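**Q** Chains as they are written, first to last, in this note's numbering: chain A, 1 to 317; chain B, 1 to 276; chain C, 1 to 477.
Just so you know, these hints were derived from the structure itself, not from any lab. Note that the coordinates shown come from a computational prediction; the quantities given were computed from them, not determined experimentally. Wrong hints could be hidden among the right ones.
Below, in silico cross-link-like pairs of lysine-lysine (DSBU-like), each with a Cα-Cα straight-line distance of 35 Å or less [claimed, not checked]:
1) Lys-93/B <-> Lys-87/A
2) Lys-282/C <-> Lys-76/C
3) Lys-71/B <-> Lys-75/A
4) Lys-170/C <-> Lys-71/B
5) Lys-213/A <-> Lys-170/B
6) Lys-161/B <-> Lys-211/A
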Amino acid sequence: MASPMELFIWRGDWGLPSVHTDSLTALAYARFAGAPLKVHKLSNPWRSPSGTLPALKTEQGLCLQPLQMLEYFKKQGYNADYRLSVKESADTLAFISLINEKLLPALIYTFWVDAKNYVSLTRPWFANTIPFPLSLYLPNRLHERHLEQLQLRLGSQALNSEEETEAQILDEASECLTLLSQRLASQSFFFGDSPSSLDAVVFGHLAPLLKAKLPNSKLQQHLQLLDNLCGFCNTVLSLYFPTEHTDTVSDTRRSAAPCETDEDPHKRRNQVLSVLVGLVAMLGYAFLSGILSIKRVSARGALPAANRLTEEGDEEE
Amino acid sequence: MSIAHDVLFSQMAAAEPWPENAMLYQPLKGEQILLSDNASCLAVQAFLRICNLSVQVVHRANAEYMSPSGKPPFIHVGNHVVSELGPIVQFAKAKGHSLSEGLDEVQKAEMKAYMELVNNMLLTAELYIQWCDDSTSSKITRSRYGSPYPWPLNHILAYQKQWEIRRKMKAIGWAGKNLEQVYEDVDQCCQALSQRLGNQSYFFNRQPTELDALVFGHLFTILTTQLTNDALSEKVKNYENLVKFCRRVEQNYFEELDHESRLSPTSRSLRDTPPK
Amino acid sequence: VISLHANFRSLDPLPIHGPEFGSAMDEAETIEVEPESKQQVLENKEVVVQHVHVDGVKRTKDDILAYEIADVFRAKNLIEVMKKSHEARERLLRMGIFRHVDVLIDTAHGEEALPHGLDVIFEVKEMRRLTGSYNTMVGNNEGSMVLGLKLPNLFGRAEKVTFQFSYGTKETSYGLSFFKPQIGNFDRNFSMNFYKVTGQFPWSSIRETDRGVSAEYNIPFWSTQHTLKWEGVWRDLGCLSRTASFAVREESGHSLKSSISHAMAIDSRNSAILPKRGALLKINQELAGYTGGDVSFLKEDFELQLNKELLWDTVLSASLWGGLLIPIGDKGSSIADRFYLGGPTTVRGFSMYSIGPQSEGDYLGGEAYWAGGLHMYTPLPFRPGQGGFGDLFRTHFFLNAGNLCNLNYGEGPRAHLQKLAECIRWSYGAGIVLRLGNIARLELNYCIPMGVQSGDRYVPSFTSAFLLFGGFWSPVA
Chain A
1 MASPMELFIW
11 RGDWGLPSVH
21 TDSLTALAYA
31 RFAGAPLKVH
41 KLSNPWRSPS
51 GTLPALKTEQ
61 GLCLQPLQML
71 EYFKKQGYNA
81 DYRLSVKESA
91 DTLAFISLIN
101 EKLLPALIYT
111 FWVDAKNYVS
121 LTRPWFANTI
131 PFPLSLYLPN
141 RLHERHLEQL
151 QLRLGSQALN
161 SEEETEAQIL
171 DEASECLTLL
181 SQRLASQSFF
191 FGDSPSSLDA
201 VVFGHLAPLL
211 KAKLPNSKLQ
221 QHLQLLDNLC
231 GFCNTVLSLY
241 FPTEHTDTVS
251 DTRRSAAPCE
261 TDEDPHKRRN
271 QVLSVLVGLV
281 AMLGYAFLSG
291 ILSIKRVSAR
301 GALPAANRLT
311 EEGDEEE
Chain B
1 MSIAHDVLFS
11 QMAAAEPWPE
21 NAMLYQPLKG
31 EQILLSDNAS
41 CLAVQAFLRI
51 CNLSVQVVHR
61 ANAEYMSPSG
71 KPPFIHVGNH
81 VVSELGPIVQ
91 FAKAKGHSLS
101 EGLDEVQKAE
111 MKAYMELVNN
121 MLLTAELYIQ
131 WCDDSTSSKI
141 TRSRYGSPYP
151 WPLNHILAYQ
161 KQWEIRRKMK
171 AIGWAGKNLE
181 QVYEDVDQCC
191 QALSQRLGNQ
201 SYFFNRQPTE
211 LDALVFGHLF
221 TILTTQLTND
231 ALSEKVKNYE
241 NLVKFCRRVE
251 QNYFEELDHE
261 SRLSPTSRSL
271 RDTPPK
Chain C
1 VISLHANFRS
11 LDPLPIHGPE
21 FGSAMDEAET
31 IEVEPESKQQ
41 VLENKEVVVQ
51 HVHVDGVKRT
61 KDDILAYEIA
71 DVFRAKNLIE
81 VMKKSHEARE
91 RLLRMGIFRH
101 VDVLIDTAHG
111 EEALPHGLDV
121 IFEVKEMRRL
131 TGSYNTMVGN
141 NEGSMVLGLK
151 LPNLFGRAEK
161 VTFQFSYGTK
171 ETSYGLSFFK
181 PQIGNFDRNF
191 SMNFYKVTGQ
201 FPWSSIRETD
211 RGVSAEYNIP
221 FWSTQHTLKW
231 EGVWRDLGCL
241 SRTASFAVRE
251 ESGHSLKSSI
261 SHAMAIDSRN
271 SAILPKRGAL
281 LKINQELAGY
291 TGGDVSFLKE
301 DFELQLNKEL
311 LWDTVLSASL
321 WGGLLIPIGD
331 KGSSIADRFY
341 LGGPTTVRGF
351 SMYSIGPQSE
361 GDYLGGEAYW
371 AGGLHMYTPL
381 PFRPGQGGFG
391 DLFRTHFFLN
401 AGNLCNLNYG
411 EGPRAHLQKL
421 AECIRWSYGA
431 GIVLRLGNIA
441 RLELNYCIPM
451 GVQSGDRYVP
461 SFTSAFLLFG
471 GFWSPVA
């Protein structure tokens with residue numbers, strides 16, 4: 001390899017290498033396949049070359065979708081699926097679709113829409129993780145984006161009644177978890193003894209749900225009842241991310257030791273830039289709100305004027 | 001109304017048998033219905049026919065807006081209005097009609113997963129081709145979608161819908177794909193389905209399930225619908241067992257009943273389009 | 001149970017109807033002529049109005065002012081000068097371009113001054129170029145913020161542009177209107193509206209979003225006011241909930257209505273709220289479908305009100321409404337076009353719009369209706385408060401009746417009349433009316449509904465209070 005691929009992901013917490021589903025999926029697959037990677041665990045998506053996380057920087061450019069990343073790894077010869085039969089490959093595709101259609105909306109709902117979880121877990125986590133001036137803006141932006149995504153996935157009429165929608169999303173996700181549990185049965189991985197891309201996707205979706213300390217945890221409770229899925233997540237964690245809780249840089253499985261780093265050569269420059277951006281934003285806000293207050297004063301002046309008109313009309317007689 | 005109402009359904013609906021006057025509402029078949037809607041409607045029709053549940057098909061220009069989920073088709077049975085295949089399957093199950101009773105747990109899981117494969121890839125690809133491919137949307141989709149409405153509402157509604165679908169594609173990460181990649185996805189999906197089907201009559205041996213209904217609805221529609229070019233149907237025709245499967249379902253469940261209502265929107269049968 | 005209803009059935013655009021002179025004008029009617037003897041003296045004294053000045057004008061064009069004050073020159077004696085000046089002042093105020101207008105009458109000055117010459121000076125203060133308002137409203141589980149912007153006197157000839165934007169937790173609405181009066185004849189005016197309004201109608205389990213354009217021409221003709229209007233509306237109907245009846249579900253979707261309508265009104269009442277005398281006749285006709293769109297019908301409706309003062313300030317008021325909707329072509333009428341009846345504005349004692357055809361508890365409206373009311377208003381027992389607080393209150397006794405149904409147009413008029421005479425809903429009772437300014441009234445009634453048909457909903461408690469807005473008096477959707 002001339003230069004190793006670089007993967008930019010959200011930083012980890014709760015004993016996970018990353019808290020973010022897509023980041024986890026890509027990372028887990030890379031580990032499964034033994035792809036040499038330079039991993040950047042970031043707390044600021046603006047430091048990723050695409051401005052979003054996750055991102056895979058390759059010689060051919062950027063990969064942003066986790067499934068595209070998996071494809072890229074495979075093309076580079078890091079294939080965790082080579083043992084699968086054609087029927088198993090078909091099953092992989094089907095179960096990834098199932099997760100995408102049924103589990104993902106519920107994850108978005110649990111982390112971003114459910115008011116309790118959002119206010120006491122998701123928002124504080126991102127607000128504390130993202131560096132200062134951006135932490136005022138980005139969590140809201142992420143929130144909006146997730147709400148929009150959920151709404152578009154469900155269709156226009158779906159959010160008419162929130163309670164019904166919530167029940168429906170969570171029920172479908174619970175069913176999906178049960179189906180996954182039934183499919184996994186007593187195997188250690190979905191297709192035998194070694195992990196494949198389906199395992200990476202399942203791990204990416206289940207691990208945050210299992211490890212996050214959610215105040216409102218209906219779906220989490222359902223997952224905890226499914227022992228084999230919980231066991232699966234813990235197996236992946238202990239086999240492929242053995243040092244995660246201490247956050248040290250080491251890897252036991254691969255010769256090409258990856259360099260996990262949070263350091264960025266442009267750190268100082270970025271800090272200065274972000275402070276500047278923040279200042280401009282605050283000044284802009286102050287300026288805008290100043291304008292607004294001026295307008296409101298004049299508006300208040302205008303209303304009594306209308307009353308005066310009628311009053312004086314009476315006085316004249 | 002979905003699985004959330006499972007319990008409700010089983011309590012309220014189980015008592016009543018399937019009524020004679022059950023109705024299935026879908027968009028106007030000649031000039032309005034789109035490929036994706038037709039696929040969904042046909043899947044529901046196939047499911048009900050396989051279950052041997054009688055239903056009268058009603059064509060309404062506003063079927064999409066009448067549907068509680070905003071997507072056609074929906075059934076009106078007694079006091080219940082249920083839209084889309086998944087909930088309709090649940091509803092029929094509550095009334096004691098199920099096609100997947102005989103399957104074991106793992107098979108059920110696989111069946112559900114393959115159904116989501118069709119929804120996740122085929123349906124999305126159909127929507128993409130309809131609304132995001134400029135030549136298809138300008139030559140076919142927008143004029144069909146707006147056809148029941150007077151000027152200028154026909155354009156407004158069509159562009160509104162197109163905008164909504166494009167936003168959805170963006171949200172699920174399909175906006176960056178080009179047409180070729182979408183055809184590749186369709187191919188991948190068909191390959192998976194073809195592998196899974198193998199040389200069985202139906203996906204789970206001898207008896208069709210709701211998965212068979214769903215796959216039939218989509219593949220049959222793709223095979224029999226004329227788009228700006230044949231690229232999409234060619235992808236399906238590459239898999240001989242899938243084409244034969246469509247033919248089989250058509251023969252077994254639609255032809256003997258054909259006098260009741262014609263099946264395909266274009267009134268074409270697979271007999272007219274022999275597989276390569 | 002005391003309940004407050006804000007009555008917004010009508011999906012009219014936000015209140016952006018041209019001029020807002022209603023409030024200023026009603027009070028003016030109460031100026032009574034001064035005692036006879038004094039008047040005689042003043043009338044005999046001949047005067048000539050030599051100059052009329054309008055001070056404080058910055059943007060307003062002279063020609064439009066000249067028309068409004070021209071009459072003052074025709075005054076021949078002092079009392080006439082006062083009267084005409086007063087009228088001119090009222091005319092200036094109602095244009096809505098001045099914040100206040102003061103009148104000064106002085107002996108003529110200058111070289112050409114005649115001994116019996118007078119100068120009349122109007123001191124005016126123009127409105128600001130742009131005025132704004134900001135409100136927040138909280139209604140039944142919905143909050144909204146209303147922003148209003150007004151450009152009075154845009155080009156100096158009393159043209160007006162208004163913009164209202166309401167941003168709610170559930171719905172957003174907006175309206176933009178342009179108003180242009182004819183110079184010298186303020187009642188003849190043209191206006192143009194663009195709007196989007198959303199409404200939720202729980203009695204029908206339906207929500208409606210309208211986006212529309214309308215152009216309106218108002219013409220006074222003798223003592224009547226005529227309005228010619230073209231309107232194009234894109235209507236989006238949907239169910240309020242999953243439990244909505246199937247009949248309502250079938251109406252969901254989009255339609256485009258393009259209609260021309262004509263309205264005529266004669267109003268000789270002394271006030272819009274609790275009038276003492278005079279009559280009101282409104283006739284409205286709408287023809288939809290010939291200028292485009294996919295909705296075709298002919299709609300006729302009228303309102304008649306007669307007021308007569310009896311002994312001791314007691315007023316007897318009789319009203320009659322009626323309407324007919326005839327669908328054209330083979331498509332039936334839409335739920336959004338039909339008439340609704342019932343509630344505190346029409347047949348008291350029944351719930352809001354809860355009379356007539358319904359399906360699973362959702363009222364579908366009817367294609368024909370009539371309603372009548374007989375009221376007796378008396379200031380007793382609030383007479384001791386005369387001239388003050390007591391003037392706001394009236395006691396009233398009422399008898400209301402009405403019917404709403406669908407007609408089969410294949411049958412003759414005889415069958416129609418018979419159908420409208422069948423199953424009449426009526427109610428009687430008594431209550432207290434509180435007048436709130438010149439725009440609203442509040443009623444507290446004891447009411448007994450009669451002739452209730454199965455499916456009708458009536459107010460279970462005998463006591464109820466309603467808030468009615470004068471502008472939304474019409475029972476017609």
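**Q** Decide, hint by hint, whether the structure agrees.
**A** Results for each hint:
1. In summary, the hint linking Lys-93/B to Lys-87/A is supported, as the alpha carbons are separated by about 29 Å, within the 35 Å threshold.
2. For the proposed pair Lys-282/C and Lys-76/C, the alpha carbon gap of about 38 Å is over 35 Å, so the pair is violated.
3. At most 35 Å may separate the alpha-carbon atoms for a hinted pair to count; Lys-71/B and Lys-75/A exceed this at roughly 39 Å.
4. Between Lys-170/C and Lys-71/B, the direct Cα distance comes to roughly 22 Å. Compliance with the 35 Å bound is thereby established for this hinted pair.
5. Between the alpha carbons of Lys-213/A and Lys-170/B the distance comes to roughly 31 Å, so the proposed pair stays at or under 35 Å and holds.
6. Taking the CA atoms of Lys-161/B and Lys-211/A, the gap is about 40 Å. The hint is violated against a cut of 35 Å.
Against the hints set out earlier in the document, violations occur for numbers 2, 3 and 6.
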